[in-house]
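Residue numbers (the working numbering), protein chains in the order written: chain A, 1 to 112; chain B, 113 to 226.
What the hints contain is simulated information worked out from the structure, not anything from laboratory work. Check before you lean on any hint, since a few could be wrong.
Facing chain A, a subset of chain B residues (Cβ under 7 Å, in silico) [to be verified]: (1) Gly154; (2) Leu155; (3) Tyr160; (4) Phe202; (5) Lys214; (6) Phe217; (7) Gly218; (8) Ser219; (9) Gly220.
Since the model is a prediction, treat every value here as computed from it, not as a measurement. Just so you know, even glycine gets a beta-carbon here, dropped at the ideal spot from N, CA and C.
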Amino acid sequence: SQQGEEDPQALSIQEGENATMNCSYKTSINNLQWYRQNSGRGLVHLILIRSNEREKHSGRLRVTLDTSKKSSSLLITASRAADTASYFCALKSRGSNYKLTFGKGTLLTVNP
Amino acid sequence: NAGVTQTPKFQVLKTGQSMTLQCAQDMNHEYMSWYRQDPGMGLRLIHYSVGAGITDQGEVPNGYNVSRSTTEDFPLRLLSAAPSQTSVYFCASRTDRGSNEKLFFGSGTQLSVL
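So that you can see chain B by itself, here it is in the shape it has in the complex:
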């Protein structure tokens, strides 16, 4: 049972480049989300999804796109990277059934935009 898997672990981009951060979970979780973590800022919610075909915005959605075509995958797209998007990105998932609201996190993607 791999849990939540994020790829790549590290990425360097130039301003204006695009890329997709991958996130996959094998726990059949309905809920998936993306956070970014910046020094002194804690974790901030970017986008989340409560099932295939259903996504919504979090606190800091600008500059990021998401889609959810399967239960397992929730990719995060940067269409035109900016230095302000330099951060560590975490994907997290949980079941939406019952009262267990424990989030499972991936190991993160460290992104630098030059």
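The following block holds chain A by itself, in its conformation from the complex:
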């Protein structure tokens, strides 16, 4: 099963700025999910976007999906110090009902 690849590996911004993370993949997907992991904690689901959707919003989060380019982006607007965490994209490949594969993550640091 394929793994998404996040870019950049690390991102450091100031509070109030926007943060954009990208995820690229290689084969067809059923859906793509984004998760956040605070240091030393379990992952927390942020948002799911299906292959027939192009954009979804949740609070300060905006996710886009371009299936022709096989890529997704996660935008966090007006970032806060509490947004400091690792962010992972997770793919459910087409034809795979139960396997969700995770990328290696982007480490976001928001400086106060």
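Following the hints, position chain B against chain A.
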């Protein structure tokens, strides 16, 4: 509502020892899974289950056994621990009904094999 509970939080083993990592969920989820997280590798799926009595292998199943006798519990067994199994282990569950595929994660077990 406790969600997904993993025990222990930390464990140190010697090579060759066996142990069981416990995972319990109270959300009546059909699907449960185990991942390991290693630096620079992301999360990799070890085993998963879609209901009591039904388990299947993920990406990295070697060295691990699972069983699912109840909906609530999904223990992960290391029969003969090896240093390569030093990792952080996460259990995750979700409902298999409807279109909500959101995974709920436990807080992890940090395992060191010496």
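Status of the hints after comparison with the structure:
1. Gly154: 4 Å, holds
2. Leu155: For Leu155 (chain B), the interface hint holds, since the closest Cβ of chain A sits about 4 Å away, which is under 7 Å.
3. Tyr160: 6 Å, holds
4. Phe202: 6 Å, holds
5. Lys214: Status holds, d = 4 Å.
6. Phe217: 4 Å, holds
7. Gly218: Where the cut-off is 7 Å and the nearest Cβ of chain A is about 5 Å from Gly218 (chain B), the hint holds.
8. Ser219: 5 Å, holds
9. Gly220: OK, holds: Gly220 (chain B) within 7 Å of chain A, min 6 Å.
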